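For this one, chain U is given, so just place chain P on it according to the hints.
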Amino acid sequence: MTVPLGGVLLAGAAVTALIIVLLVAVATVHLVRGRRASRDERRKRELMPLVHAVLDDDPDDGIPLSDVLGAPADLDDIVLDLLPQLRGSDRETLRRLLAERGVVSKAVADLSARTPWRRGRAVSLLGSAAGTHHVAGMAALLADRSLEVRCAAARALGKAGDPGAVAHLLHAVAGERALPTGVVGMALLDLGTTALPMLRDALTGEHGASRALVAELLGVHGDPSAAPALEDLVRDAREDRGVRRTAAAALGRIGSPTSTEPLVSALTNSTDPRLQRTAAEALGRIGDPTATIPLLAGLADDDVTVRAACADALAALGAEGRASLEQVAAGPGAAAADAQAALDELDGPVRRPQPAGVA
Amino acid sequence: MNELFTDIVLGASWTVLGYTLLLDTIMFSVVLLGARRVAEARHWKGAEGHAEIFASPLTPAVSLLIPAHDEEAGILDTLRAALGQRYPSLEVVLVDDGSTDRTFDLVAERYRLTEINPRRTASLPVRGEILSVHRATTGDPLLVIRKTSVGQKSDALNAALNLARHPLVCMLDADSLLEEDALLRVARPFVEDPDNVIAAGGVIRAANGAVTDRGTVVEPRLSTNWLVRIQAVEYLRSFLLGRTGWADANALLIISGAFGLFRRDLVVEIGGLDHRSLGEDADLVVSMLAHQQRAGAPHRVVFVPEPVCWTEVPETLRVLGRQRRRWSHGLAQLLWKHRRMIGNPRFGAVGTMALPFFLVFELLGPVVEVFGLASVALAAGLGILDLGTAAVMVGLALAVGTLLSTTAIAVEVLTYRRYRRGRDLLALVLAAVVENVGYRQAHAWFRLRGLVAALTRRAPVWTAMPRVGFSGDPAPAELVPARS
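Line order of the protein sequences matches chains U and P.
Under our numbering, the first residue of the first sequence carries the number 1, and numbering increases by one thereafter.
Under our numbering, the first residue of the second sequence carries the number 1, and numbering increases by one thereafter.
In isolation and in its complexed conformation, chain U is listed as follows (with noise of 0.2 Å):
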């Protein structure tokens, strides 16, 4: 049996130089790290009185434009770490300075750079940097091959804060390229309260998808004025499991008690036991004393898990659902478990107290 030697000598010379060169590399890295910390640190302390000087906006301090716009590339990451912790004047201060400083340019050129990395690194920077001015080329980015940018696209768009954006991002929910749904979500809250009308427009959209998300937003924002829309979504046999379950827990936060009667007919009439838990619990939350009596009823579900969820909401009804507990807790039967279970939540642990060291 014969083997290329030359070649295998080759090949293991490759390898050894492969290995020498990530050895002195990471010799490299470890012994120039420390010098660069500290010398970024200098640059910082250097810099800060700038950024302070455009912030004050003061003359008397003596520092020229043509310093502040001619300084290193470090002031601008100074700036962009500064952003997200600024609000009103002081937040467009800075913002004017990076479009000076020609950062702002640079990234929207960036937007159709072709590596991944860049076009991300380029919508992030002109969503904290650039306000409302480039809503559209940002949105452009919501289709983009890569996944990572599309997030990076949606999570620009929130922060750039135009509610225009609310559409771009529903529509990217659903589709060939379509994007995590709590991505959107979150840039969709960060849109925070002039996004509502839109979001109430949406609860009535095409895909499944976004008309769950839209639920779930509306229910986070509390949102009476979704409280009907949302009822019909829970009371529509025919809707997607989810979107129903969705927006029962919405109803939930809102905190109707308009909403009582859908969510005691999903409890009673539904064969989701996914969805009769998310309705009890958005009883729970609602505290209407006319659901004791279907909850007392879930009390005999077959399905643990709604069991238990009518029991906690019964201890949240007051006083007429804690006496309804303590009725089956003195009771045979799973449901007794369940209620005295809840009822130990109610009280807190004070009972049969376990000492110390006792095994």
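None of these hints come from the bench; they were simulated from the model.
For clarity, every value in this text was computed on a predicted model and none was experimentally measured.
A portion of the hints provided could be inaccurate.
Across the chosen pairs, the derived CB separations fall in these ranges [stated by the list, open to error]:
#: 1; chain 1: U; residue 1: Leu10; chain 2: P; residue 2: Leu317; range: 32 to 42 Å
#: 2; chain 1: U; residue 1: Ala11; chain 2: P; residue 2: Asp248; range: 42 to 52 Å
#: 3; chain 1: U; residue 1: Ser112; chain 2: P; residue 2: Thr138; range: 33 to 43 Å
#: 4; chain 1: P; residue 1: Thr100; chain 2: U; residue 2: Gln327; range: 37 to 47 Å
#: 5; chain 1: U; residue 1: Ala37; chain 2: P; residue 2: Asp213; range: 19 to 29 Å
#: 6; chain 1: P; residue 1: Asp213; chain 2: U; residue 2: Leu31; range: 57 to 67 Å
#: 7; chain 1: U; residue 1: Asp77; chain 2: P; residue 2: Arg86; range: 44 to 54 Å
#: 8; chain 1: P; residue 1: Asp265; chain 2: U; residue 2: Thr194; range: 33 to 43 Å
#: 9; chain 1: U; residue 1: Leu18; chain 2: P; residue 2: Thr224; range: 22 to 32 Å
#: 10; chain 1: U; residue 1: Ala11; chain 2: P; residue 2: Ala377; range: 16 to 26 Å
Yeah, the Cβ is synthetic: ideal placement off N, Cα and C, and Gly gets one too.
Then chain P, alone, in the frame of chain U:
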């Protein structure tokens, strides 16, 4: 006859060398995939910062499940780290699985436990008897279940799942310390992609030798024990590069049982953890993938390439052997149980890449290595081996192995930089060389024995590793923050 025997011995010798080179080449390709991602992350980290995840109302609550059997050495540190997580909403469910030491007493004393009526959230079968359920009265969100042990970690986890109330469950070994942001980092994929992500794991590292203070690793250091150092390199290679590469190929099979985050509803839907399995972590991931695939439901298993969890690794060859035999036994069970998925394109990259790789190189690897090495030794003994050629080939195989480990160390230094002392880095590099001689062969032997145990259907038993606990507190002047 002699000629035939010679050919067989030589053939076996070359087979093992070729196999080793092929394995190293595949691993190197996986490493390159991972290294590419790491290099890109140096330019742009994607989503930076975890404050928005912490503040987001969309972040789901987590139940941390900790099975513990005779863990008095480190249980309080583990609990302190778990309860001290920077996470908006979490609970810890500790299962004292028939401990014979002071595990429960220590926890009862520290958290002033009181017995309660359990609130069940699932009805998974539990074989051990639930003795009592307790809750902390110190204000910590801690639930403690006492049960009799049936020698299965999965049974303890199922007992915890029956009482866990949050939508995500995190399984954590009782000898592990979480970094403060560990949950936030690993939960991020669930927050961002709640419809698709079903499981996520992060980087686990060897805690032995690290300086800890009240459940926090304040300065990662390498142990002076060479067995631990070699495992530290192994963990770096596996987590920083291997799993990143597999995850990029959408073929991640293993979320470590030491620290993994899962969707609770799915874990319950598949019936919890398989009590027959020794590799319950991998089995859980594959079962969830199979379940979702059959249901036509979306599924993503995500690896978060950031250091999040520090765990105690074996310090003696005997304990290491027991651990690796168990892993190999578990892998054999897993591959047998999910044999219909192997090579099946319906299961995507997991079916066509990951499972075949684990079958050929992880499960059968030790067979080839042990018998091949024996044949090399036999051929050399019989004087029919060209020693010069063999030396060159063995040298190449060792060099490729060393290159893999050196790459992992380079990634550590260039990115995460937890080991800051020069002497630790030097020790890692030396361990990367040393592991190829002796350790690798012993490892193959342990795995072979695990495979034999699986083939002979020996009853799987979860035996907890002897714990030494975490390093004592250093003198204040000695403390160096581990994180910048």
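**Item:** Leu10/U versus Leu317/P beta-carbon gap, inside 32 to 42 Å or not
**Value:** Hint holds: Cβ distance 37 Å, inside 32 to 42 Å.
**Prompt:** Does 33 to 43 Å hold as the CB distance between Asp265/P and Thr194/U, or does it fail?
**Reply:** holds, 34 Å
**Message:** Quick check: does the Cβ-Cβ distance between Ser112/U and Thr138/P fall within 33 to 43 Å?
**Reply:** Once the Cβ atoms are compared, 57 Å apart, the range 33 to 43 Å for Thr138/P and Ser112/U is violated.
**Request:** Please test the hint of 22 to 32 Å on the beta carbon pair from Leu18/U and Thr224/P.
**Result:** Because 29 Å falls inside the window, the suggested range holds.
**Asked** Is it true that the C-beta distance of Ala37/U to Asp213/P lies inside 19 to 29 Å, as the hint says?
**Response** holds, 24 Å
**Asked** CB of Thr100/P to CB of Gln327/U, is that within 37 to 47 Å?
**Response** Hint holds: Cβ distance 43 Å, inside 37 to 47 Å.
**Prompt:** Per the hint of 42 to 52 Å, is the separation of the Cβ atoms of Ala11/U and Asp248/P within bounds?
**Reply:** Given about 26 Å between the Cβ atoms, the range is violated.
**Message:** Does the beta carbon distance between Asp77/U and Arg86/P stay inside 44 to 54 Å, or does it fall outside?
**Reply:** Once the Cβ atoms are compared, 25 Å apart, the range 44 to 54 Å for Arg86/P and Asp77/U is violated.
**Asked** Quick one: are Ala11/U and Ala377/P within 16 to 26 Å, going by C-beta?
**Response** The hinted range 16 to 26 Å holds for Ala11/U and Ala377/P, with Cβ atoms some 25 Å apart.
**Message:** Between the beta carbons of Asp213/P and Leu31/U, is the distance compatible with 57 to 67 Å?
**Reply:** violated, 28 Å
When each numbered hint is compared with the structure, violations occur for hints 2, 3, 6, 7.
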